[in-house]
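For this one, chain B is given, so just place chain W on it according to the hints.
The listed protein sequences derive, respectively, from chains B and W.
The first sequence maps to residues 163 to 353 in my numbering.
The second sequence maps to residues 57 to 510 in my numbering.
Think of the hints as simulated: they come from the structure by calculation, not from any bench.
What you are looking at is a predicted structure, and each value in this text was computed from that prediction instead of being measured.
Cβ coordinates follow ideal geometry from the N, Cα and C atoms, glycine included.
Do not rely on the hints blindly, as some may be mistaken.
Derived pair list, reagent style EDC-like, types lysine to aspartate or glutamate, alpha-carbon separation capped at 16 Å [stated by the list, open to error]: (1) W:Lys484 to W:Glu402; (2) W:Lys63 to B:Glu333; (3) W:Lys63 to B:Glu335; (4) B:Lys204 to W:Glu215; (5) B:Lys204 to W:Glu262; (6) W:Lys64 to B:Glu329; (7) W:Lys63 to B:Asp325; (8) B:Lys287 to B:Glu333; (9) B:Lys236 to B:Glu197; (10) W:Lys357 to W:Glu373; (11) W:Lys64 to B:Glu335; (12) W:Lys147 to W:Glu115; (13) W:Lys496 to W:Glu430; (14) B:Lys287 to B:Asp337; (15) W:Lys213 to B:Glu333; (16) B:Lys288 to B:Glu335; (17) B:Lys204 to W:Asp239.
Simulated coverage check for chain B against chain W, where a stretch passes if three residues somewhere in it have a Cβ under 8 Å from a Cβ of chain W [what the hints assert, rightly or not]: (18) 213–223; (19) 251–260; (20) 293–305.
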Amino acid sequence: MNSSSSSTRSALPLAPGERLPVSKVLTLSPEALKEIDQLADKFPDRLAATLPALHIAQREFGFVSLEAMKAVAKALDIPEGHVYGVASFYSMYQKHPVGSFHIQVCTNISCALNGAVALLDLVKKKTGISQRGEVSSDGLWSVEEVECLASCGSGPCLQVNHDIYDEFVNEAELDRVLEACRSGQYREWAK
Amino acid sequence: MTSYRQKKDPQSYSFEGFGTPAFPNLMLRGAGNLDNWRLAIYQKEHEGYLGLKRALSMEPSQVIDEMKASGIRGRGGAGFPAGLKWSFMPKDTADKKYTRYLVCNADEGEPGTFKDRSIMEYNPHQLIEGMIIAGFAMQCHMGFIYVRGEFLWLIEKLEAAIEEAKKENLLGQNILGSGFNFDLIVYRGAGAYICGEETALLNSLEGRRGEPRIKPPFPASKGAFGQPTTINNVETLAAAAPILRMGGAEYAKIGTPKNTGTRIFCVSGHVQRPGLYELPLGVPLITLVKDLAGGTPNGKKIKAIIPGGASSAVFTESDFDCPLDFDTIRDRGSMAGSGGIIVIDEDTCMVQVCLRLIRFYAHESCGQCTPCREGCNWMEMILTRIENGEGRLEDLETLKSMTPRIAGKTLCALGDAACGPMDSILGKFRDEFIHHIEHKKCPKPSCQLVTYSH
Chain B
163 MNSSSSSTRS ALPLAPGERL PVSKVLTLSP EALKEIDQLA DKFPDRLAAT
213 LPALHIAQRE FGFVSLEAMK AVAKALDIPE GHVYGVASFY SMYQKHPVGS
263 FHIQVCTNIS CALNGAVALL DLVKKKTGIS QRGEVSSDGL WSVEEVECLA
313 SCGSGPCLQV NHDIYDEFVN EAELDRVLEA CRSGQYREWA K
Chain W
57 MTSYRQKKDP QSYSFEGFGT PAFPNLMLRG AGNLDNWRLA IYQKEHEGYL
107 GLKRALSMEP SQVIDEMKAS GIRGRGGAGF PAGLKWSFMP KDTADKKYTR
157 YLVCNADEGE PGTFKDRSIM EYNPHQLIEG MIIAGFAMQC HMGFIYVRGE
207 FLWLIEKLEA AIEEAKKENL LGQNILGSGF NFDLIVYRGA GAYICGEETA
257 LLNSLEGRRG EPRIKPPFPA SKGAFGQPTT INNVETLAAA APILRMGGAE
307 YAKIGTPKNT GTRIFCVSGH VQRPGLYELP LGVPLITLVK DLAGGTPNGK
357 KIKAIIPGGA SSAVFTESDF DCPLDFDTIR DRGSMAGSGG IIVIDEDTCM
407 VQVCLRLIRF YAHESCGQCT PCREGCNWME MILTRIENGE GRLEDLETLK
457 SMTPRIAGKT LCALGDAACG PMDSILGKFR DEFIHHIEHK KCPKPSCQLV
507 TYSH
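The shape of chain B in the complex, shown without the other chains (with noise of 0.2 Å):
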């Protein structure tokens, strides 16, 4: 294994003393508190709101700081240390600041048997971003390897944000996703 695993392992959130990135945003908007407090009617149990309600905090915050998550533990009334342990167990909730566009290629195996691997380094190439954690310096881009995404016929394929994905990804069509992020044609990442 070469070294630039090990070092994608360490910028992965939670190692070991490491501290979680400080957000520019600290307290969720009065729309989104009371969109959680609907949330939270809905159920019929306050907690089960948790999930929703870091949606909502990782789109008010731009990912899902310490802060969004005291936030949301405010929020539903709810200890402080669930909300964490929850955080922290998705896969989906950013821990770190992602670009406007995060990049999300799936490398399991019937993309890879079909380029994903790549497709991923492509991605990398003409984003500039080698790892996991980074975002570009004109903020545009971060890129993540992440696990089937339920399109293993149209492989590879790639999610930008939350839209829909880009399936039979090859060079031209990546050329063509990026320059549509870049022209807006995509939805900016918690927008």
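Frame of chain B, contents of chain W only:
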């Protein structure tokens, strides 16, 4: 700005002869047509909500009997008879009233599987109809659809379909004047494969970490929020609509006697025409892969086929004639699982395939049980070492000795799932492992399935 699909869907959903009596189309009607999800089209062109109307004219127990008569087995992976599962839900008695929940498992994440998304994208109303039928049969008044977080684009569509159904009084209070009340809530996951396991899903639905629970108690006695709960896969619930429409006995005529109905098979990997193929159960694997999906794109020989999603043991040539049903695949040492068929050609390094799959399980283990958490990680490390030409012959014995210490020794089946591919690939392609070790390198450098392994 909605994120509905704007341009043509590149996925393949059909084949020649699909929709004829020999290959009935029950689950993929209109798939590929971007407007197909709308209620008007579902009712006008796809016999929509006829199954629900028939169900509401019956007693709830009769609806369960119809499901039992259909013989349908759960399409999520385990293949448990769905009608029987429904009958496990406790019924109200004079002195005890229950709050029962129905949960739809739409956390599709098994590598090689992409069928549930097609139902939710093109026939969300069929899923909604199936859920109302299931809710009525078990007398639940609230249903949850647990959708994986990456499917945000599908959730928006699903919620729009639910709104349409509410407007037409297909959901909500006193559905179609029957006196039955039922509501649906879509719950979005946040990226964890383990949440496809039913009790982990329940924990996640309750806003907790997606860690599987100890069973018993089974969900039918203590499930979501501590109440009796039934959890079914998207495809199983969506199948309830045609089953109630045509009658259980009629549905049971499709397929084979113990494996009834149609099933959506997901074909991916090295094939000319990857995509979704809805077939009656019992069609031979090779017919699907060669005749329908066209075999490998460049005429290369097929080396191995994964028959039921990443968790199933791989098949080699002698098993390619296996009929695609739950029992025969199990008898041949693998499992029908989620219907994800992954085709692997002769130029592929099986050590890399194995490493890629095991890395997935190591990554997705929830960490509760030591055998799975540590075992999967150790298998990944050893396989990485072998793939990189640093392996030793005794590694093979170590790998072989690990799976019996994981399988069956954990709370859920994730550890077992890792052992399926591990055992079968090591058993059937041992020479490739030995070649890596003896020559201290991968014999197929052009095959790249694993990031950073070369």
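Note to self: To test your reading of the hints: which numbers does this structure violate?
What the structure shows: 2, 13, 15 and 20
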